[in-house]
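> Chains as they are written, first to last, in my numbering: chain A, 1 to 458; chain B, 459 to 739.
Treat the hints with care, since some could be wrong.
As the list claims (entries may be wrong) - Among the chain B residues that face chain A by a calculated CB cut under 8 Å, a handful are:
hint : residue
1    : 627
2    : 629
3    : 636
4    : 638
5    : 639
6    : 640
7    : 668
8    : 696
What the hints assert, rightly or not - In silico DMTMM-like pairs for lysine to aspartate or glutamate, Cα to Cα no more than 25 Å straight-line:
hint : chain 1 : residue 1 : chain 2 : residue 2
9    : B       : 598       : B       : 551
10   : A       : 295       : B       : 553
11   : A       : 149       : A       : 57
12   : A       : 116       : A       : 150
13   : A       : 278       : B       : 634
14   : B       : 530       : B       : 553
15   : A       : 289       : B       : 634
16   : A       : 89        : A       : 59
17   : A       : 94        : A       : 287
18   : A       : 295       : B       : 652
19   : A       : 349       : A       : 420
20   : B       : 638       : A       : 301
21   : A       : 283       : B       : 669
22   : B       : 622       : A       : 301
23   : A       : 278       : B       : 669
24   : B       : 638       : A       : 287
What the hints assert, rightly or not - Which bits of chain A does chain B cover? Going by a derived footprint, with three or more residues having C-beta under 8 Å, they are:
hint : region
25   : 175-188
26   : 275-288
27   : 296-303
Hints listed in this document are in silico derivations from the structure and should not be mistaken for laboratory results.
Here a beta-carbon is modelled for each residue, glycine too, at the ideal position from N, C-alpha and C.
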Amino acid sequence: MLINPNIATVQTDDDMADRVYFQPLNVETVSKILAREKPDAIALSFGGQTALNLGLELERSGILKKLGIRVLGTPVKVIETTEDRELFKQALAKIGTKTARSFTAGTVEAALAAAKTLGYPVMMRSGFSLGGLGSGRIDSPSQLKTRVKEVLAAVTQVLIEEYLVGWKEVEYEVVRDCDGNTITVCNMENFDPMGVHTGESIVVAPSQTLTNYEYHMLREVAIRTINHLGIIGECNIQYALHPSSGEYRVIEVNARLSRSSALASKATGYPLAFVASKLMLGKRLYEIKNTVTGKTSAFYEPALDYLAVKMPRWDLQKLKSSDHHIGSEMKSVGEVMALGRSFPEALQKATRMLNIGANGLSIHAHDISNPMDEIAHPTDRRLFAIYEALKQGVTADEIHQASHIDRWFLDHIVAIYNTEQQLKEHRLDAARLQHAKNGFQRHCNRYADKPDRTANSE
Amino acid sequence: MRAVNCRYQNGYRVKAFPCLQGLIHALTKYLRTRGVMAGSISAAAVKAPKSVRIPIISIPEPIVYNAGPGKKKVILVDCGLKENILRSLLALDLEVKRVPYNYDFSGEKYDGVVLSSGPGDPADYTETIAITKKCSPAPKPLLGICLGNQIMALASGGTTYKLKFGHRGHNQPCQEAATKHCVITSQNHGYAIDEKTLPKQWRVSYRNLNDNSVEGIEHKTKPFFSVQFHPEACPGPTDSGDLFAKSLEQCYERYQKGCCFGVGGLRIGQAGEFDYSVRRP
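One chain only, chain B, in its complex shape:
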């Protein structure tokens, strides 16, 4: 691989900037047998760090969206939220209170909680895990997406581990455990839930067809449901968008209470992601 100065043209603004050529293929070939590892791109030879701690990304103060009388109120825990999760909730005309990752909402009035996606090792989110634990006696709908899925597992007493190969891309095949129905999903995660550590009251709802890892869990009696993939992905397949909403509906129908937050359609403008989970060696 080598560095070159690139100029984008043909419809792009012409701007010179450095870029690397031949990098992706060289790296792919190297990593596909060895698994993920920490690395660095540098002009001089430097030793790559063993592990990198990813800072938690959140907001400093709660923000309320779409407030209004009579609207169902959802707490959205921001651990480095994908904007489309917020947009999908707002599309359902819910009042959304977006709160920092360490904000204790357990004393407040709400109809449901959504644990967002986010970067890094899920075990680092000790405060979020503690708050989730606190609100789990209440039979209020609790939905986790991506990192939220792992936080749900950790709050219930399970553990997570780092995958040899993270799941990245919008063509990840998954299977619903109960129906055997398969969907193509969009995923971007480097950690997974350890199935063996899941408490008895929980079951696996989705599995990845490539490596059989856990892609979703649900509580056997309470309306707690989470998935590792991104049903709201954009860009990405829409297979699970519908399915997800349906599963949630079932989840809430059982309780005749709370609200249903499904996932809306796709919207243009969601940026792609990268591996931000390089920590556990």
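If we strip away everything but chain A, and leave its shape as in the complex, we get:
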């Protein structure tokens, strides 16, 4: 049986559950349904943040105990640890995992004191929230006062956190069974560094700019953390990673299937939701069949010889007065994913699939008068602003300094720009056509005699 008031989702299709309740997801309604249906168990991790929060409330209200209903998968206590910022910090500190320096505050005074200790700017987040609601960069005490008041009207605590400007944002999708067998199905790296919500970022899977040490260090921390917390099923762990020192902070753990899981699942072919549901029922990873090979088990980590680029889609132009700046609150309404053999190929494909009138980075409908401003203060068209800036003769270094976007990503955009120039200046022959069709960036560079704008970056 399924409870979901959303009629516009596959989850509520006829053949998905024996009985579907199109009822609001609040304690009163759901308690009534549970009392009537008397299910043996409930699953909380397939309904996003709403279902997790509801599960916590149901547990607190005592109804689950009264009706003898088991929670499948990750226990409610663990969900509480991942959602309550203070408990989360304490749990991770026990195993020596680093989290961002932060203080929780339930009052404006406490928030001000915390910010004073950390030094401005600080990052404000709210607990138990979805899509980074109520969070953002705070530059001054007066700004903090107003924002904390607003947020505390809705939730009981805020988190004042060190502002990790310019750090890379990386996440791992982790699967764990009830015996503690753990794998990381996929990792993902944000094109946009810390400060821009993952839902607002261009995301690349698998990561492209990490060293072996960084990749495996974060993987090991992910496995250690998820084992310590005791999550059963699927979850996602997010990190901030310093671009040069290799220092990291765990930002959060989501003990549920999320949009990132959907991306990881599609990018790798690993059936995350399917496997997570089996794990909830007590199966072990090695007992579940690998649906791709049909012979081996689900205890494996997919290897990709391609990459996936996820790009958010905004519809901000529909609201005339809306602010086009993006940050730690989600404004995007959807996303597309493109697969490619190289980053430029996947990036260009994703741009076309957005259906916003752009036919790649070079052909778009935006009129960007001051690209550097939109690069430094990200807007929904920052990617195109980068391209426009290159056209105006700005170097990749300058863009990097303004945006902290990794040079690896920027160099590939430079390569796209260079290719466009070459196609403009020369006759289109078979070799140039193939070069362009191959996603612009095969290492076999046929134009080696032309000076490259990034050639001296050894």
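Starting from the structure of chain A, add chain B where the hints point.
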């Protein structure tokens, strides 16, 4: 597939050299149903050899590292050693005597032996196998990694065979037989131990989850322990680094003697490997 002249740019030194395009996918598609086979890359059409004998790689003379009074002494048999095995041992502050593959150390004083990884058919290492046999009556810790695992099996009377598909890459899933605990490991081997031929005093400690082949063996009563994967792999997952050290500790605790050589953390700089095991047809 076709040959092209490549120039690496964008942060690489510009240098022209020949390379092959489209090779990996074409080869993968060809080999994934047929299994591994000998081949050659040549400008003219030549007949590929049926089998290739891989020369044994070792050092000419023993080398002693980190010598000092009071330190536990480990014999490291070099059959084409991965440097990170040596680095991992040195990180534990052990005195390491690295010896050639055919060096007879059985008359010397030592606290433990490590049989290294290496290329080729394990059955070719007749001298190494004979020396290992000689030292097996002594209850001194004996640890094998990769080729060392196969040499251990051969010295104890078992046999090895060539896998249809070698295990290559750093995402090989393995399961510990005793606990059912699973780990992702780094592997690079084309031969495996034939489980049926293992003597009674030995048991399988690890199995590959993809094809169920043997990935580790241990002696039931003596501190002899070996694994087919690379716990010290770099680049590679760190899952078994810890686990391996733990298993060894247990192994030695039972004997209250000798030393524990676990495997240290990862280090950058270990090169990747390739299939160097094409011999048995």
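> Against the 25 Å threshold, does the CA-CA distance of residue 94 of chain A and residue 287 of chain A hold or violate the hint?
Between residue 94 of chain A and residue 287 of chain A the Cα gap is close to 32 Å, so the pair fails against 25 Å, i.e. violated.
> With a cut-off of 8 Å on the beta carbons, see whether residue 668 of chain B makes it to chain A.
Result: holds, 5 Å to nearest chain A Cβ.
> Can you confirm whether the C-alpha distance between residue 278 of chain A and residue 634 of chain B stays at or below 25 Å?
22 Å, holds
> Between the alpha carbons of residue 283 of chain A and residue 669 of chain B, is the straight-line distance 25 Å or under?
20 Å, holds
> Run the distance test for residue 638 of chain B versus residue 287 of chain A: straight-line Cα separation, threshold 25 Å.
It holds: about 11 Å lies between the C-alpha atoms, which stays within 25 Å.
> Taking only the CA atoms, is the gap from residue 530 of chain B to residue 553 of chain B under or equal to 25 Å?
Holds, because 6 Å separates the two Cα atoms, which is no more than 25 Å.
> Was the hint right that residue 636 of chain B lines chain A, CB cutoff 8 Å?
Status violated, d = 13 Å.
> For the hint on residue 638 of chain B, does the least C-beta distance to chain A fall short of 8 Å?
7 Å, holds
> Need the status of pair residue 149 of chain A, residue 57 of chain A: alpha-carbon distance at most 25 Å?
24 Å, holds
> When the nearest CB of chain A is found for residue 640 of chain B, is that gap smaller than 8 Å?
Constraint on residue 640 of chain B satisfied, holds at 4 Å.
> Given that the region 175-188 of chain A was listed as covered by chain B, double-check it with a C-beta distance under 8 Å for 3 or more residues.
holds (count 4)
> The region 275-288 of chain A covered by chain B? Criterion: 3 or more residues, Cβ-Cβ distance below 8 Å.
Three-residue rule met by the region 275-288 of chain A, so holds; n is 3.
The structure is inconsistent with the numbered hints 3, 10 and 17, although it conforms to all the rest.
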